[in-house]
Amino acid sequence: MNGLPPHSSRASLHSDRPPRPQSAPGRALSPQRLEDRPLAEHLASQAHQLGKPIHIGRVNSRRRLGIADWFGCASADGTYLTYGPDQNLPRLLRWLGDLDHQPTLLTPERTP
Numbered sequence: 001m002n003g004l005p006p007h008s009s010r011a012s013l014h015s016d017r018p019p020r021p022q023s024a025p026g027r028a029l030s031p032q033r034l035e036d037r038p039l040a041e042h043l044a045s046q047a048h049q050l051g052k053p054i055h056i057g058r059v060n061s062r063r064r065l066g067i068a069d070w071f072g073c074a075s076a077d078g079t080y081l082t083y084g085p086d087q088n089l090p091r092l093l094r095w096l097g098d099l100d101h102q103p104t105l106l107t108p109e110r111t112p
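Numbering-wise (the numbering used here), the sequence shown opens with residue 1 and increments by one.
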């Protein structure tokens, strides 16, 4: 018994909170999963408001790097360079350059 009437739910008591992802306990939140993205974006926004830096892991694609940029992550890591660094480093540097010069509709224009 949690002291709540049987017809009420915790979600209705905290309607200002984003919904929790329905997943296995202990599963990491991943903005790669579409169902996690709204919550991950909300948590990133909250961290920014609190002045906390954000880190994202498993960034091994241009798409995931774009998600990290969208969320305003201060750092990211992945194993992309581990496999074929001679070929993948120029590609990764190109991705980073694209992010620095790509304006978005929702954020102020960046200066190089």
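Errors might be hidden in some of the hints.
Unchecked claim - Between beta-carbon pairs, the in silico distance windows are:
#: 1; residue 1: 84; residue 2: 49; range: 37 to 43 Å
#: 2; residue 1: 98; residue 2: 77; range: 31 to 37 Å
#: 3; residue 1: 52; residue 2: 78; range: 20 to 26 Å
#: 4; residue 1: 63; residue 2: 42; range: 32 to 38 Å
Just so you know, the hints here were simulated from the structure itself, not pulled from any lab data.
Predicted model, so just to flag it, every value in this text is computed and none were measured.
For each residue, glycine too, the CB sits at the ideal point set by N, CA and C.
Quick rundown of the hints versus the structure:
Between residue 84 and residue 49 the CB atoms are about 39 Å apart, so this pair conforms to the stated range of 37 to 43 Å. The hint said 31 to 37 Å for the Cβ distance between residue 98 and residue 77, and at roughly 19 Å that hint is violated. The hinted window of 20 to 26 Å between residue 52 and residue 78 holds, with their beta carbons roughly 21 Å apart. A beta carbon spacing of about 20 Å between residue 63 and residue 42 contradicts the range 32 to 38 Å that was offered as a hint.
Violated hints, in rising order: 2, 4; the structure is consistent with all others.
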